[in-house]
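Number of protein chains: 2
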Amino acid sequence: MEQEKEDSLKKAPIGVFDSGVGGLTVAREIMRQIPNESIIYFGDTARVPYGNKSKDTVTKFSKQIVRFLRTHDVKAIVVACNTASACALDELERESDIPIIGVVRPGARAATEVTRNGKIGVIATEATIGSQIYNQYIKKLKKNVTIYGKACPLFVPLVEEGLWQDPVTDEIAKRYLAELIDCGIDTLILGCTHYPLIRSTIGRIIGEEVTLVNPAYETARELRSMLKEAGLLNEEAPGLGANKYQFYVSDSAEKFKQFANSIIKYGILSAKTVNIEDY
Amino acid sequence: MEQEKEDSLKKAPIGVFDSGVGGLTVAREIMRQIPNESIIYFGDTARVPYGNKSKDTVTKFSKQIVRFLRTHDVKAIVVACNTASACALDELERESDIPIIGVVRPGARAATEVTRNGKIGVIATEATIGSQIYNQYIKKLKKNVTIYGKACPLFVPLVEEGLWQDPVTDEIAKRYLAELIDCGIDTLILGCTHYPLIRSTIGRIIGEEVTLVNPAYETARELRSMLKEAGLLNEEAPGLGANKYQFYVSDSAEKFKQFANSIIKYGILSAKTVNIEDY
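Protein sequences, first through last, are from chains A and B.
Numbering-wise (the numbering used here), the first sequence opens with residue 1 and increments by one.
Numbering-wise (the numbering used here), the second sequence opens with residue 1 and increments by one.
Hints in this document: simulated from the structure, not taken from any laboratory.
Possibly wrong hints are sitting among the right ones.
Since the list gives no way to pick out one identical chain from another, each pair is judged satisfied if it fits inside one copy or across any two copies.
In the DSSO-like style, the derived pairs of lysine-lysine whose C-alpha atoms are separated by at most 30 Å in a straight line are [claimed, not checked]:
(1) 139 <-> 255
(2) 10 <-> 139
(3) 60 <-> 257
(4) 55 <-> 265
(5) 257 <-> 63
(6) 140 <-> 244
(7) 174 <-> 228
(8) 139 <-> 5
Note that this is a predicted model, so its numbers are computed, not measured.
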């Protein structure tokens, strides 16, 4: 009986959420690194973006989403949004009896491991930079490091407009990154889930001697360890016909699918709209 | 008794709402053109922007806001957001027993009046352009005109980042406006409330032979006529101590005040946060 319960728990899906489509870069890493796991993804496309909104608002939205994900009996939740991780993770963890992990701590840990000169840059939304959350995590893990944060509010709209390789994105990136270059950082955290999509532009401008840290990748790694340790890792591939990846959004599902399919090659066949304010 | 009721109705405030701060350009015109009127402004800063969201979502949000404004006994409502006017005005009007005006019809009317060659351009958000609403209104008012619509999704973030005079905004404007220039338009509707803030950039690039139509200005004019006709125009200035202009937002009031004060020189002293999802 106990064994059965445990098995069914292992087979339960992982809840992943983001303010919109950016968190798909995290979902993509989870699909790659722990392919047996099922995922329930929620993107808050009706209220996106979170990055320029207040802590209170982002926390309220995040709590509604966690309540929605719990209705799908998820075994763990990944806050696949740096802003929501920065603003709401503490409160979400306090209220939850299942594991919740954000993208900030894994990104912070990786940065402390790869920096050689102790100068770490963080680029992220205004809300994430304002929260100083990367600084807090990094300082806990390693003394003698200096963290340079820079909000890059135009990166998200530029990515969403598809200007991934474009002189305008280059120009904006040059402005945002100039002071980080002057500070002599050797490590740069891509502290917003949209940024890996313009990784090559950022990498070219910041210079190849700077190591780029992608928290999406690190989070999938940490999720795997955490599930394994907790005995929650699904050891079997889901059977044929299992609805392995399910996508929910708060705005039009059709529009989400278009963008989502440009990120996840898996082919997102269905997405459903949820009235998230009811949760 | 009847007279008293009429007087109190005249003194009632006008409700003005927008997805965020852009509608302040409309509020500013109302303040200038009908200075006796009191205003209750609501900016949906927790869920901004509307311009890339679906008709259903924008309509749902707009209805909540109208319900909120009605709790303040407004005598009329101005939908000071092109996207909300495009997506929701019909449905709002159907449900309302007080006058509701949007910004689209006044803008469309002005454009038909000023065009000489019958070629009218409209720049706006994706949702507004997708709705074809300007085309519908213009075609009703004047035959033999051709309307060229162009969505300019990056203008809002560029304006909100303060790049009102900037080479990047120039470059983006050149791309967006190139096809309108090729079409030989002589009139251009600034179909999003943020755009008047980069009016000089747009005007320089589109060329001085093209007349720019600002729906915010036209809406305040139409509001004045409508109130006068309905016997609702406030003929007396509000007394000292009257809380003439009140501002409400769904996200942090502090942040709103900063931007608002850069648009309205009046000095916005107080703004309050409202839990708009409760309406």
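* Asked: Which of the numbered hints above does this structure break?
  -> Per hint list: 2, 6, 7 and 8 violated.
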